[in-house]
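K.L.:
Each chain, letter by letter, is given below.
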Amino acid sequence: MTTQDMTAQDTSAPDVPHAPDATAQPDLAALDGLVGHTTVDGIPALFAPRPGPLTAGLLFRVGRADETLPTTGVTHLVEHLALHRLGLSDLHYNGATADAYTLFHVTGDEDEVVTYLNGVRAALRDLPLERLETEKEILRTEAGSRGNGPLSQMPLWRYGAQGYGLASYDELGTRSLTADQVRHWAETRFTRDNAVLWLTGDRLPEGLDLTLPAGRRFPAPAATDALPVTPAYIRGDDGHVVFTSVVRRSTAAAVFAEVLGRALFKDLRQQGGYSYSAEADYTPRDADFATLTAYADALPQKQDAALGGFVDVFARLRAGRVEQAELDSARGKLRRRYEVPDLGAALLPSYAHSLLLGHRLLTPERHRAELEAVTVEDLCEVARAAWDGGLLQVPTRGAEWAGPTPAPQYSETGVSGTLHPSLDDDDVTLVIGDTGVTLSLPAGLVTVRYDACAAMTTRPDGARYLTGLDGFRVAVEPTLYGDVTPERIAVLDAAVPDEAVVPLPARREEEIPRPRERRATAPAAGTETPAAKEKRAWKWSLGLLLILGVDALFGAGVLLTAVQLAESAAPRWSRLLPAVVPGILLLRITYRTYLSAQGAAERRT
Amino acid sequence: MGESTVSDPFDALPGLAPLRAAAWDDDWAATQDFFAGIGDSAADVSFAAGLLAGVERTEAYLERAAKALPADPLPRTLLAERYVRIGWRIRSGARAERVSRDQFAQFHDWLRKAELLLIEVCAQHPEYGPAWTARLLTARGLELGQSEARRRYDRLAEHHPHLFRAQSQLLQQLCPKWSGSWEAAHGFARDTAAAAPPGSPAGALIAEAHIEHWLDLGGAAATEYLRDVAVRNELREAAGMSVLHPGHRPGWHSLGGHSAFALAFSLGGHLRDAARHFTALGDTVSESFWQYLPDWKNRFATYRTAASATL
Chain P
0 MTTQDMTAQD
10 TSAPDVPHAP
20 DATAQPDLAA
30 LDGLVGHTTV
40 DGIPALFAPR
50 PGPLTAGLLF
60 RVGRADETLP
70 TTGVTHLVEH
80 LALHRLGLSD
90 LHYNGATADA
100 YTLFHVTGDE
110 DEVVTYLNGV
120 RAALRDLPLE
130 RLETEKEILR
140 TEAGSRGNGP
150 LSQMPLWRYG
160 AQGYGLASYD
170 ELGTRSLTAD
180 QVRHWAETRF
190 TRDNAVLWLT
200 GDRLPEGLDL
210 TLPAGRRFPA
220 PAATDALPVT
230 PAYIRGDDGH
240 VVFTSVVRRS
250 TAAAVFAEVL
260 GRALFKDLRQ
270 QGGYSYSAEA
280 DYTPRDADFA
290 TLTAYADALP
300 QKQDAALGGF
310 VDVFARLRAG
320 RVEQAELDSA
330 RGKLRRRYEV
340 PDLGAALLPS
350 YAHSLLLGHR
360 LLTPERHRAE
370 LEAVTVEDLC
380 EVARAAWDGG
390 LLQVPTRGAE
400 WAGPTPAPQY
410 SETGVSGTLH
420 PSLDDDDVTL
430 VIGDTGVTLS
440 LPAGLVTVRY
450 DACAAMTTRP
460 DGARYLTGLD
470 GFRVAVEPTL
480 YGDVTPERIA
490 VLDAAVPDEA
500 VVPLPARREE
510 EIPRPRERRA
520 TAPAAGTETP
530 AAKEKRAWKW
540 SLGLLLILGV
550 DALFGAGVLL
560 TAVQLAESAA
570 PRWSRLLPAV
580 VPGILLLRIT
590 YRTYLSAQGA
600 AERRT
Chain X
0 MGESTVSDPF
10 DALPGLAPLR
20 AAAWDDDWAA
30 TQDFFAGIGD
40 SAADVSFAAG
50 LLAGVERTEA
60 YLERAAKALP
70 ADPLPRTLLA
80 ERYVRIGWRI
90 RSGARAERVS
100 RDQFAQFHDW
110 LRKAELLLIE
120 VCAQHPEYGP
130 AWTARLLTAR
140 GLELGQSEAR
150 RRYDRLAEHH
160 PHLFRAQSQL
170 LQQLCPKWSG
180 SWEAAHGFAR
190 DTAAAAPPGS
200 PAGALIAEAH
210 IEHWLDLGGA
220 AATEYLRDVA
230 VRNELREAAG
240 MSVLHPGHRP
250 GWHSLGGHSA
260 FALAFSLGGH
270 LRDAARHFTA
280 LGDTVSESFW
290 QYLPDWKNRF
300 ATYRTAASAT
310 L
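Read top to bottom, the protein sequences are chains P and X. Here numbering that gives the first Met the number 0 is used: the first sequence runs in plain steps of one and ends on residue 604. Here numbering that gives the first Met the number 0 is used: the second sequence runs in plain steps of one and ends on residue 310.
Simulated from the structure, these hints should not be mistaken for lab results. Incorrect hints may have been included.
[As the list claims (entries may be wrong)] No more than 35 Å apart at the CA atoms, straight line, and that leaves these computed lysine-lysine pairs for DSBU-like:
| hint | chain 1 | residue 1 | chain 2 | residue 2 |
| --- | --- | --- | --- | --- |
| 1 | P | Lys265 | P | Lys332 |
| 2 | X | Lys176 | P | Lys265 |
| 3 | P | Lys265 | X | Lys112 |
| 4 | X | Lys176 | X | Lys112 |
| 5 | X | Lys296 | X | Lys176 |
| 6 | X | Lys66 | P | Lys265 |
| 7 | X | Lys66 | X | Lys112 |
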């Protein structure tokens, strides 16, 4: 059951040129003669015939973007649990959790399809929650093997640690979700009213039982915004140029993605030889908007040129310099999607997706007409809108030269509170306040406010990692900052809302970070480890003892001289004068040594 | 003696005076006429654009022209060249470690302004060589990397395989001071000179590369380097197929070419070789490379006198 990263949902979804009325119910009647429609136990169902085995998909309008950072993975868990009882079989089935939907998918004969769908239905009503811990473990393993692709950071920079931004994050819910939370998610989101079924066939098979609890159709989550200015850029790993933008769903935008992909391939690979992969993609995000993604790889020694070529390709399209041949071949490719046998059946997934999201259903005739109507000016308009809203990830030092602004690296404000100097770095201070935490770095502040805290993970050793809804993160490691006492940690625990707290298991001793070894030179006050401070106090005490010893010897010397002078017949008291200045100096040093020893003792307590 | 040498190209070269007059008068129509008179020689347009950039306080009238003619590549390119020059004056010609943070910030700001104009011009007019040439300057100043500079040159060369100013700019980028290597710099100079038609100025790139190498070595090693017979022979051959070639048509680029050869030969002690270039220069010189010498005008005069004695 591969899941999770299946955002690449059918990109052929027919689109209208401009913003559809979001409240309009998709008009199923438009599809008459191509796709049949009915309801099964209250669930809208689309069907169209195709020879050979049956294929069916049961879609729910719930996905990762509906979750919160502490509950990430809950949809994925429901999907895994729903499929568990189906066990091992030769049947070709799958489940997929995307940003805005979950799909249960099967191919087989009529009995097998009915058995699968009824099984999913039954499991959703009665999840095998005794499997919860095992499935959580499996999901953690799956995440570990998935790794981070070159595009993985883009959602979090655009959306923050919420909604569509959660795609960038590990499934934190696989740590802490309870059986009740998972059951509640299934009961409210995997309902009759939040589902759509599609199936290849001229009718629905006998024996289907999809009775699910009533609920409501959840609209796709509203998009959050973590980018104050666009176009923006971030720095990424060597070898990858990545661009994403959010554009209104339209036929012109889908054609533009084709044109862009081909232009990048021609320029960066065929002509320049800077890249191996150079491509673009258009994926509907919700009823009204789609995500445009462009990507090019490059060897590190060629990546500057790959970025330059990327910028110039986009600039050319923005300038409206699109060859008619480019438009024609992109249009031809989209048109060929309709040149397949059993067209109705082939279009079922995208129609079901539109129905689920509330996007208008477009007949092949109308979509073809729209494709014909797309002009170079339309593409130029999409190119400009896409660039203006874009987020660029570059492998080089920056992309300001090409127009984009750096995405925010620091928070706009900090909080006041207790100061905890870093034990590693004299220029870094942690602030624990009543409204949030701030990490003060030489170049700026990173702040997470408690009332905008997406999640706080906790460790029994006192570590607290806070992630803000805007994606900023502050790691409070008591071993790495001065005076982060249990009392200060308690402030965090009291202030962060319970639903944002994710307890993590205890760490092994060697997993708890330690300050780096510092050089042997005396550390500046306030930045040493408690152990170092203790040593310093001892040294000062020893110094005091030594200086007192010198005092005693000096005093004894002066006394002896005085006694000798007094015994002489004609005492020349002026002989004592040379001892006056050293005496005063010695007294002064003694006094300062005494003060220092006192001071060290005070800081230690 | 040094005082009589004319190093301002507006005075040293025929036909450029009207451009300076137009710039001093903020006269866009006259500027436009001047460039229209050049015709479609991208090399000459780019040469004149580089000169105009050095005329102070021209940015305002060029900004007005760029705004008034949004589809015309010329005013935006001239404006971008001017921005680049303003930025570079702030940066100064010093080595990077002697340039302050604030100087760098302002330098980069001016270059970015220029680059944004040039991105647009090149997107609309990919065949317009002067804009691509200016983008070699912005690429270098903004440190966009060797491969990006090369990409820009390659895009330009598709339309203009022998645009001397662009070649000279890329050569700067290929030198170690801009993260290149001597191998790359000399290699580019040789390949480009070899590929150029006989009598074209491209041979001067070989002199430029050797002068840069000399400057980088410094001291006795530098003198030793240019004295080397192999270097001298290469310079002779390069001069022979460019500015000393019978087919060479004297033009604006001849000044820079002869100046570079005269300098390279003089520094290497090959005064007899230098003499022909001094003769061609007469009372004129391009300061581009000569200014690497302290008190260069007097040194120029001294070398010229010494060279003429060998004739």
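K.L.:
With reference to the structure, classify each hint as holding or not holding.
P.N.:
Hints, verified against the model:
1. For the given pair, Lys265/P sits about 17 Å from Lys332/P by alpha-carbon distance, which is consistent with the 35 Å threshold.
2. Simply put, Lys176/X and Lys265/P have alpha-carbon atoms about 33 Å apart, close enough for the 35 Å limit, and the pair holds.
3. Proposed proximity of Lys265/P and Lys112/X is supported: the alpha carbons are some 28 Å apart, at most 35 Å.
4. Proximity of Lys176/X to Lys112/X is assessed by CA-CA distance (about 24 Å); at most 35 Å being required, the pair is judged to hold.
5. A hinted pair counts as satisfied when its Cα atoms are at most 35 Å apart, and Lys296/X with Lys176/X qualifies at roughly 25 Å.
6. Among the hinted pairs, Lys66/X with Lys265/P is consistent with the structure: their alpha-carbon atoms are about 33 Å apart, no more than 35 Å.
7. For the hint linking Lys66/X to Lys112/X, the alpha-carbon distance of about 14 Å falls within 35 Å, and the restraint holds.
In terms of the numbered hints stated before, the structure departs from none.
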